[in-house]
Amino acid sequence: MIDLKELILSKDNLIPLLRKLKKDARLIAPIKNEYGDTLFSEIDDIDAMKIDLHNQPQASLKPFFLPQQETLAGYTVNNGEYSFTPPDKAQDTIFFGVRSCDLTALLYMDLIFSKPSKDATYYDRRNHSLIITLGCNQPFANCFCEATGSGPYLEYGYGLQFIDLGDRYFVSAGRGKGADLLKKWAYFFREVNEEDQKKRYQLFLEARGQFTRNIQVAHACQKLQEEAVPEEIWETLSRRCYDCGGCAYVCPTCTCYSIDDMAQGTNHGIRVRSWDACTSSGFTRMAGGHNPTDRSRYALKRRFLHKLKHDYAHHGKPSCTGCGRCVDICFGGVDITTFIDLLTTQKTT
Amino acid sequence: MNNNFIPSPAKICEIIHENEQISTFRLKLINTSIPFSFLPGQFLMLSVPHCGEAAISISSSPTALPIIDLSIRKAGTLTNAMHMMKAGNQVGIRGPYGNPFPMKNFVNRDLLFVAGGIGLAPLKSVIDYCLFHSNSVHDAAQSITLLYGSRSPSDIAFQSVTSNWQEQGVNCRLTVDEADTDWQGNVGLVTDLLPRHNVTDNTTALVCGPPVMIRFIIAQLSAMGCQDEAIFTTLERHMKCGVGTCGHCHLDGKMVCMDGPVFSLSQLKTMDVMELAQ
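For the record, the sequence lines run as chains A and R. Take the first sequence: its letter number 275 is residue 275 in my numbering, and every next letter is one higher. Take the second sequence: its letter number 246 is residue 246 in my numbering, and every next letter is one higher.
For reference, chain A alone in the conformation it holds in the complex (with noise of 0.2 Å):
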């Protein structure tokens, strides 16, 4: 009897592999459009469409299971009756080439969407669900997924974990979906040997000694449960801040959303769950105009204490992983590696 929480699968399988999967459920995995851009996109034909495992996805999981715009509900109003009914349902998806960083924001948006009750449409689609990660061999240029403890390779989360070995792939089952595939698919593998073992190990040490950026995530966060922060620090980062929201929605484990009514029809309309962001103008502005928050000195406030110093001092780590996404897309520069940075090297008074 062979263990089957690790196998190796030769890179010549994964192609037939990912073939039978897709008989079963939606295949999800990071293409390279036309543009240039990678994206995680549904394949449609596995033989015409390459998947690209060489360049970071530029936006996350989030849109699969928090849409940038999703239905909640729909509503009709026929004489005088006001009445709703529920959203579509969620098909069965495997999502392939998935990065640490990413799934561990999935692991964080679980633990938010479960209280007090479980999001309906949220865990519909996480049920649904069967991740499969590639642990990372070579960080990219902004990532800081060790200091974040949400990478290079996972411990735990994922259906599957893939960790590229040059010819082959080691792969790691997780509890469940996972070690079920494994088993129903075991003729695609083999045996894990002891230079198996000992390459993925060395791999490991190679990645963690990559990371080109040295970000003080711990220090950070360990800092914020103590003390203030200084105002000129707001006031620095806000000045920058223009508004854009782009952060917020790259941002894996941003999960701020509006609900808005969208009429079509006189009689008839839906509910919408939308993206939204803490660093927005109107996020806070109540009817009527009286606003809590002073943008102006506090436009990031906000966003860093939340996934720094309460959701650390909540869940015992920080809620950023280091995927380095919001360093590429803030034209401000007042991403929150600025933060981190400006927070860390600052004189204790």
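Calculated directly from the structure, the hints in this document are not laboratory data. Quick caveat: nothing in here was measured; it's all calculated off a predicted structure. We put the beta carbon where it would ideally sit given N, CA and C, even for glycine. Treat the hints with caution; some may be incorrect.
The calculated lysine-lysine pairs, modelled on DSS-like cross-linking and capped at a C-alpha distance of 27 Å, are [what the hints assert, rightly or not]:
id: 1; chain 1: A; residue 1: K118; chain 2: R; residue 2: K254
id: 2; chain 1: A; residue 1: K223; chain 2: R; residue 2: K269
id: 3; chain 1: R; residue 1: K254; chain 2: A; residue 2: K115
id: 4; chain 1: R; residue 1: K269; chain 2: A; residue 2: K115
id: 5; chain 1: R; residue 1: K254; chain 2: A; residue 2: K309
id: 6; chain 1: R; residue 1: K269; chain 2: A; residue 2: K309
id: 7; chain 1: A; residue 1: K223; chain 2: R; residue 2: K254
Negatives, chain R to chain A, calculated, CB over 10 Å [said to hold, decoys possible]:
id: 8; residue: P9
id: 9; residue: C13
id: 10; residue: V91
id: 11; residue: R151
id: 12; residue: A219
id: 13; residue: H238
Given chain A, work out where chain R should sit, using these hints.
Frame of chain A, contents of chain R only:
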């Protein structure tokens, strides 16, 4: 599957015109088999066709169920649309959400309510609840005093309610910022009324109104010797979900919709709150 965001239809049975800006909408759930209960201080997410949702405090007492009152001031798109509704029309509600006032702590206490404008709505639920239990040995408050400020005599809401309370033994003191020619009562801010009242070890204060009013009243109460644990307020924040996930009411690590909206002063002092800002 639990459809967290699907509201239950409710019928507007009656509309009580409080003043030019505020009306009380008396609702009843269409499907009476849906179990529904709440405690004073909790709120609902109210749906008005094509307008989305807004968080609204329940202004009636749970003892008045199945009737649910929402007292609403015209402030934005949804509330203005609500004011266009007629008796017999339907709205949607989901909830109740948030922490209520700790009603059990109010037994045998001297309750001092301080309200400004529409801020009386959530406190009205508490007062009605206390009056319902006023003859009960185990549940009654010792005394009830209300200090209620409005901009002008025509802005006073809940007129018939306050005179009814007065008849039931509530010490109601009304004041207006600006009088008109007919006004016989007190003129000035509600903060001017407070020093005329005794605050003792047995006083519990419940405060709701504009942030600036909350700030000054709380400071006054503290100066008069009221304990932090005996001062309560309920905060108003922009809210979209009511269940702690949309992020809009996030307040220094807490969610107003889940951890509030009712807070004691001792809780507020641990947070970075506009209502306490200097």
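Q: Just double-check V91 (chain R) for me: nearest Cβ-Cβ distance to chain A has to come out over 10 Å.
A: Not fine: 7 Å to the nearest Cβ puts V91 (chain R) too close to chain A.
Q | Hinted pair K269 (chain R) and K115 (chain A), Cα distance within 27 Å | A | It holds: about 26 Å lies between the C-alpha atoms, which stays within 27 Å.
Q) Between K254 (chain R) and K115 (chain A), does the CA-CA distance stay at or below 27 Å? A) Holds, at about 14 Å.
**Q.** Status of the stated non-contact between R151 (chain R) and chain A (beta carbon gap over 10 Å)
**A.** Check passes; 14 Å lies beyond 10 Å.
**Q.** Cβ separation check - C13 (chain R) to all of chain A, threshold 10 Å
**A.** With a cut-off of 10 Å, C13 (chain R) remains clear of chain A, as the shortest Cβ separation is near 13 Å.
(Q) Between the alpha carbons of K223 (chain A) and K269 (chain R), is the straight-line distance 27 Å or under? (A) holds, 21 Å
Q) Taking only the CA atoms, is the gap from K223 (chain A) to K254 (chain R) under or equal to 27 Å? A) holds, 20 Å
Q | No chain A beta carbon within 10 Å of P9 (chain R)'s | A | At roughly 5 Å from the nearest Cβ of chain A, P9 (chain R) sits no farther out than 10 Å, so the non-interface label is violated.
**Q.** Hint consistency between K254 (chain R) and K309 (chain A) [alpha-carbon to alpha-carbon, up to 27 Å]
**A.** holds, 12 Å
Q. Is the hinted pair K118 (chain A) and K254 (chain R) satisfied, with a Cα-Cα distance of at most 27 Å?
A. holds, 19 Å
Q: Given the hint that K269 (chain R) pairs with K309 (chain A), test it: the Cα-Cα distance must not exceed 27 Å.
A: With a Cα-Cα distance of about 18 Å, the restraint between K269 (chain R) and K309 (chain A) holds, given a limit of 27 Å.
Q.
Checking a non-interface call: every C-beta of chain A should be farther than 10 Å from the C-beta of A219 (chain R). Is that right?
A. holds, 18 Å
Against the hints set out earlier in the document, violations occur for numbers 8, 10 and 13.
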